[in-house]
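Those sequence lines, one after another, are chains H and W. For the first sequence, the positions run 1 to 485 when UniProt numbering is used. For the second sequence, the positions run 1 to 348 when UniProt numbering is used.
Because the hints were derived from the structure by calculation, they are not lab data. Glycine is no exception: its CB is placed at the ideal position from the N, C-alpha and C atoms. Some hints here could point you the wrong way.
Derived lysine to aspartate or glutamate pairs resembling EDC-like cross-links, with alpha carbons at most 20 Å apart [what the hints assert, rightly or not]:
| id | chain 1 | residue 1 | chain 2 | residue 2 |
| --- | --- | --- | --- | --- |
| 1 | W | K219 | W | E242 |
| 2 | H | K121 | H | E94 |
| 3 | W | K219 | W | D231 |
| 4 | W | K253 | H | E347 |
| 5 | H | K471 | W | E242 |
| 6 | H | K339 | W | E256 |
| 7 | H | K313 | H | E296 |
| 8 | W | K253 | H | E338 |
| 9 | W | K253 | W | E235 |
| 10 | W | K219 | W | E203 |
| 11 | H | K65 | H | E369 |
| 12 | H | K32 | H | D49 |
| 13 | H | K134 | H | E124 |
| 14 | H | K339 | W | D250 |
| 15 | H | K121 | H | E151 |
Selected chain W positions facing chain H (Cβ under 7 Å, derived; list incomplete) [to be verified]:
| id | residue |
| --- | --- |
| 16 | A44 |
| 17 | A97 |
| 18 | L99 |
So these bits of chain H aren't anywhere near chain W, every CB distance computed over 12 Å [stated by the list, open to error]:
| id | residue |
| --- | --- |
| 19 | K52 |
| 20 | S122 |
| 21 | C230 |
This is what each chain is made of:
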Amino acid sequence: MCQVGEDYGEPAPGEPSPAPRPSREQKCVKCKEAQPVVVIRAGDAFCRDCFKAFYVHKFRAMLGKNRLIFPGEKVLLAWSGGPSSSSMVWQVLEGLSQDSAKRLRFVPGVIFVDEGAAFGKSLEERSKTLAEVKPILQATGLPWHVVALEEVFSLPPSVLRCSAQEPAGSEGAYKAAVDSFLQQQHVLGAGGGPGPTQGKEQPPQPRPDPQSLAGPPAAAQTGALSQLFCSVRTLTAKEELLQTLRTHLILHMARAHGYSKVMTGDSCTRLAIKLMTNLALGRGAFLAWDTGFSDERHGDVVVVRPMRDHTLKEVAFYNRLFSVPSVFTPAVDTKAPEKASIHRLMEAFILRLQTQFPSTVSTVYRTSEKLVKAPRDGPAAGDSSPCCLLCMCALDVDAADSATAFGAQTSSRLSQMQSSTPLTETQTPSGPCCSSGVGRVLGCGQGACRREDPQACIEEQLCYSCRVNMKDLGLGLAGDPGLSD
Amino acid sequence: MPAPPCASCHASRAALRRPRSGQALCGACFCAAFEAEVLHTVLAGRLLPPGAVVAVGASGGKDSTVLAHVLRALTPRLGISLQLVAVDEGIGGYRDAALAAVRRQAARWELPLTVVAYEDLFGGWTMDAVARSTAGSGRSRSCCTFCGVLRRRALEEGARRVGATHIVTGHNADDMAETVLMNFLRGDAGRLARGGGLGSPGEGGALPRCRPLQFASQKEVVLYAHFRRLDYFSEECVYAPEAFRGHARDLLKRLEAARPSAVLDLVHSAERLALAPAARPPRPGACSRCGALASRALCQACALLDGLNRGRPRLAIGKGRRGLDEEATPGTPGDPARPPASKAVPTF
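So here's chain H without its partners, still in its complex pose (with noise of 0.2 Å):
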């Protein structure tokens, strides 16, 4: 009843009638023969072995079908220690020790950002996490960093800016893009990325030993991060703020010592979550970009998505049945209340609804593969439309006046600032960025009428979700790198 079946334009899709529970008696949909140990998608029973080839085959064909990952090249595993990006890792080093034929032909390393700063764990507890994190980080026998989310302090605001665009590739071209890029690499060396870095300093030369653990950083950027964390008001606007942090951090990482690519270990489950999460966030102009399989709006750096085809239950039972290796790290929203936050609010519904229909994640995913990454008025807006400061995408804000959503709300702020003009006498009005209205949102009317300005400078340089999210910081907005410039 939940779904939908217009596709239109091509044939309607006939529906299997569910099939029966499996029995005690029933094997293996597969191969027919061996026992059943664990029930995928609507009653297909799978063995051991025929789950492993069907898990590993999930992997193989996505990063096989989209073509985007060069033979030689470095990319970057960002690992957070939960089950689906240690199954990520697993199956990376499980496809490197294949046969030649079939071995994986990329070069990784492997990424763990400590945020135990963001939400007040103290230095035992962090040291203690890292204790559980190296041991599996060295047995991987890859390159591998551990980052402090503190570091982002340190970044230079160059991040800020979209470095140079790399001419997206089609499918013809993808055997002169392997030959253009091997190329490169012999003439820049090991370890090279493609493509110019303009703007900004030359990268430093990748370091001879690349296990780099830096002492615990300085408590001044902990006490700075930990305030800032703080300083926000609502849960939502935390996890925004932890997610742009720590995407900017790894980027920064993979642009230091020369990955082109970082892959990320969001499963089919989570991307559903996180589309539905954005749609109410007010991304939706930037869906395909979040929830796709490359995300290519940070210019040089591609991240991507391997895992976006295994739902959780695949992930935890792989997992289980194969011993996967992976480690608890509590997160910013870790037992907080189902009404919390958006994201709490909408994992807690589709989880849900997914009991009562079973088919919701696997709908809401294949409705993300028809969202383009093209902006709805069309390629008017090309390379040169202004991205947003935090999550640099295209902004996606009209004039102040037109018949939407984001005009509707501008044009009540400015009915607003009008109507109460007696008590603005002292303020000098500032124009259509309607700033003192925003002051007076934020109950800081009175006398910090210079302290607007730059705000609203801010604000237009951010996209519409950015911007609310914006609202809900602290006005103490100096710790962040960026917002310096």
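Use these hints to put chain W onto chain H, whose structure you have.
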């Protein structure tokens, strides 16, 4: 604790805080602000040109009551004339009481009222009869699917009877937000591609439709109706608990509690969705039976009625349109003798 003074006129005590901005306003100033915002929506989107004859879809509920009241207050400013069109779906115990409210409103506002009934338009099929016909198949009854399609057809028919040039409905921001959530959860890429705008401009001879209350949240609509002391019918439809929209509505209420701007954020997201060209519906043609706007051989209303008449009510619902190309039985609804003036396929 005494209420603060109104932030707008500074004269009377504030009676409410606007959900959107937290601004404290007295009743009169809030109503004025609400009307100003509806006017802004209509003018900025150029929805109702001067001289338009506007058919208001009046159900007796809060949204259409507020819509009619606001538009009536704005008629001198906009230069339009209003007609009330009410649709009688034949839901016992619900629609008759709502229609009584509409009649009272028409009398009070001195606006002409036209009532169109499913029973007359669609060959004797009332919603109760449809519900009985689709019950007992083990799946849900999908009453809302039938009712929505048929109501929009009925509204179009009623508007034509009174010679209207535009149709307006009282959908508010909450409705738009629920729709986009629902369409994603059901995977309806076609509706996602079509929706999110300001209504339809009226292609192929169909009347242009719009929703002036589109950016007003439901709370504000209720508050407006309260302050203007409007008389409306506030019970929920008998079939509403079965609808899938209930899940989306429940979710929206929780989202709004977590972040008050969630409703407008969702409307903004819906406006900015970019879907692949293959997901968009093809150029519409004409229904082979009644001549209305249709993207397939049969328009949706004819297809649904066809299924009902043949005793296979789920024929046109969901996946597969098997059997629709078979020869139709005689005595189908719609008047074949009527000249094929295109009518709209009533889906937003």
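We went through each hint and held it up to the structure:
{"no.": "1", "hint": "K219/W with E242/W", "result": "24 Å, violated"}
{"no.": "2", "hint": "K121/H with E94/H", "result": "34 Å, violated"}
{"no.": "3", "hint": "K219/W with D231/W", "result": "17 Å, holds"}
{"no.": "4", "hint": "K253/W with E347/H", "result": "15 Å, holds"}
{"no.": "5", "hint": "K471/H with E242/W", "result": "38 Å, violated"}
{"no.": "6", "hint": "K339/H with E256/W", "result": "10 Å, holds"}
{"no.": "7", "hint": "K313/H with E296/H", "result": "29 Å, violated"}
{"no.": "8", "hint": "K253/W with E338/H", "result": "13 Å, holds"}
{"no.": "9", "hint": "K253/W with E235/W", "result": "18 Å, holds"}
{"no.": "10", "hint": "K219/W with E203/W", "result": "33 Å, violated"}
{"no.": "11", "hint": "K65/H with E369/H", "result": "14 Å, holds"}
{"no.": "12", "hint": "K32/H with D49/H", "result": "12 Å, holds"}
{"no.": "13", "hint": "K134/H with E124/H", "result": "15 Å, holds"}
{"no.": "14", "hint": "K339/H with D250/W", "result": "13 Å, holds"}
{"no.": "15", "hint": "K121/H with E151/H", "result": "16 Å, holds"}
{"no.": "16", "hint": "A44", "result": "4 Å, holds"}
{"no.": "17", "hint": "A97", "result": "29 Å, violated"}
{"no.": "18", "hint": "L99", "result": "30 Å, violated"}
{"no.": "19", "hint": "K52", "result": "30 Å, holds"}
{"no.": "20", "hint": "S122", "result": "29 Å, holds"}
{"no.": "21", "hint": "C230", "result": "19 Å, holds"}
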